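Asker: Chain residues, written in single-letter form:
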Amino acid sequence: MSVTPSRAGAVPDSRGTPPPRTPAQRRRALGLDRSAWFLLLPALIPVLVLSVGPLLYGAALAFTDAQAVRTSDTRFIGLTNFLDLRFDSLFWDSFGIGLTWSVCVTAGQFALALGLALLLDQNLRLRWLARTLALVPWAMPEVVVGVMWRLVYHSDAGVLNKTLTQLGLLHENHEKIDWLAGLSYALPAAIVVGVWAGMPQTTVVLLAGLQSAPPELREAAQLDGAGVWRRFTAVTWPALKPVAVAITALNFIWNFNSFGLVYVLTRGGPGGQTRLPMLFAYEEAFKYGQFGYAAAMGLVMVAVIAVLLTLFLRAKLKEEAA
Amino acid sequence: MRRYPTDDPTAYAPPRASTPARIRAAARPSVRPPVRSPVRAPERVGRALRSVLLIVLAALFLVPFYLLVRNGLATEADITGTDWTFFPHSLKWSNLRELFDDSSVPMVRALRNSAVIAVLTTVGTLLLASLAGYGLARIEYPYANRVFYAFLVTLMIPSAVTFVPSFVLVSSLGWISTLRGLIVPTLFNAFAVFLFRQYFLGFPRELEDAAKVDGLGHWRTYWRIVVPNTRPVFAAVGAIVFIGSWNSFLWPLVIGQDRDAWTVQVALATFTTAQTVNLHELFIAAAVSILPLLVVFVVLQRHIVAGAERSGIDD
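Residue numbers (our numbering), protein chains in the order written: chain A, 1 to 322; chain B, 323 to 637.
The set of hints was computed from the structure by calculation and includes no laboratory data. These numbers were taken from a predicted model, which means no experiment stands behind them. Some clues are possibly wrong.
Computed from the model, here is a short list of chain B residues facing chain A with C-beta under 10 Å [as the list claims (entries may be wrong)]:
hint, residue
1, R372
2, L379
3, L382
4, V385
5, P410
6, L413
7, L453
8, Y456
9, V469
10, T484
11, P507
12, L529
13, A533
14, V535
15, L616
These stretches of chain B come out as covered by chain A in the derived footprint (C-beta under 8 Å, 3 or more residues) [unchecked claim]:
hint, region
16, 489 to 498
17, 557 to 571
No residue lacks a Cβ here, since even glycine has one placed at the ideal position from N, Cα and C.
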């Protein structure tokens with residue numbers, strides 16, 4: 001969802017408190033008001049325990065040979081896990097699949113969502129209907145989405161094969177295509193599902209961004225005879241861009257970390273063709289019990305995402321400055 | 323037309339809140355100034371095309387759900403047979419009974435687990451996140467903004483780094499396959515904190531100041547003044563958290579190892595890869611598993627919209 005920290009953080013204090021005079025007031029202004037901390041603690045403690053804690057612990061685990069079933073004590077083994085990762089071709093295959101998946105899904109989500117958001121922005125009468133319908137997939141569990149699409153792709157019972165047959169594109173007597181089991185079909189088929197599942201949320205965020213653009217500007221541009229494309233590039237896009245960049249970055253992270261959908265669709269098969277990095281890490285940790293190795297994998301994934309995102313955001317910022 | 327809160331986080335950006343909604347509404351022209359030139363024919367065609375396109379898109383999003391129910395209530399032959407039709411020949415409601423009687427799938431138990439987890443997670447998160455959001459929105463710490471940004475950063479921490487260490491921690495507490503293990507680690511929700519903070523920033527300070535004059539501290543102001551007047555945001559965040567908890571998959575899969583601790587999602591996922599799977603049973607199970615979501619969606623959506631309209635505290 002769109003997170004706009006810069007705007008949210010920069011909200012000025014609307015109370016307009018006069019400069020503090022008495023010591024008590026000054027103390028309060030400095031945040032030494034005890035009940036205030038009392039309010040924040042219930043959230044600060046969980047954030048430390050549940051979020052920062054596992055992060056640090058995970059970083060530590062990555063340098064050990066921690067395993068699910070142990071006969072001896074867990075030892076610190078330095079960089080061994082990371083050195084092993086370097087030559088783990090299965091890991092790098094999975095990494096490449098993860099990148100293909102996230103780039104394709106993020107791009108597909110964005111392109112379709114932008115089109116849909118522009119449509120919805122113009123059609124006031126049907127907007128509520130389409131918005132409600134678009135939100136339904138958003139609320140659906142990944143597992144159910146996976147089950148539904150397995151049905152669509154099913155080789156015998158699948159709607160897709162049946163439709164193709166009825167259209168004459170697939171021969172009745174020919175062998176049916178098993179979309180999720182074909183080496184070359186599985187990943188594209190999964191990507192379609194990823195786009196379908198994530199697009200509604202992106203649409204809603206982009207629509208909110210579109211509505212923050214002043215309609216007067218667009219109307220003025222229209223009066224001045226600007227065409228549809230010109231109106232989009234000159235008025236709509238500049239207003240939409242911050243939201244678009246934010247949601248694209250977030251989508252990319254989410255997609256790279258995607259797990260449930262592909263787990264239900266293919267379990268990473270056939271032959272590892274759809275084994276996303278999270279599926280790989282999950283198998284490593286819970287099938288083979290290699291906790292330390294899986295933790296190292298997580299760290300590498302996060303580092304790569306961080307680098308890619310920094311490059312992306314920096315490029316966008318530079319574009320803005322130019 | 324007011325955007326309703328669930329689908330639009332920016333709606334929580336502080337509105338011009340000091341002005342009551344009534345005044346804001348009055349200041350806004352109710353009808354758009356008539357700038358548009360007489361509608362030309364091509365434009366009308368374009369508009370019709372757009373509507374058609376929207377309806378097609380909407381259908382595209384609904385068809386899979388229809389198929390889920392259609393196949394859930396069909397016979398096995400109706401699903402895989404060659405004479406497949408879009409509308410089934412007859413509805414087989416006994417499939418439901420068959421699902422709940424099937425001892426190989428702990429569907430009843432899984433539904434109960436999911437319900438308990440989702441309700442407790444929602445209540446706990448609302449409590450923690452609303453307090454944190456209020457603290458971040460209202461109290462002037464020297465570092466309030468920095469704390470807030472730290473919260474936002476935790477939104478970005480991918481589960482890839484945290485799920486293994488969290489599992490090791492939970493298992494060292496002996497919480498595997500327990501409700502505690504399934505609930506407690508998910509209680510911190512940065513997104514919920516974010517939504518609450520944004521909403522409370524727009525809450526009129528006059529009310530709280532009046533409470534302070536009456537001698538109420540932060541704590542009692544929060545419970546007596548803020549909470550009763552901000553029910554819409556509680557409903558909205560509650561709906562989001564409930565849906566998220568009901569749908570969560572990776573954590574329950576990892577922690578709920580015993581059959582008795584399976585949630586609906588885990589049961590369904592296991593179902594899909596079972597050796598012999600009755601397709602109609604799988605689909606009716608999937609359909610049953612989304613019923614509570616539909617209920618929450620329908621019930622709270624009305625609540626949310628109604629609440630959002632009252633959020634200006636007009637009267």
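Asker: Does the structure break any of the earlier hints, and which numbers would those be?
Answerer: 5, 6, 12, 13 and 14
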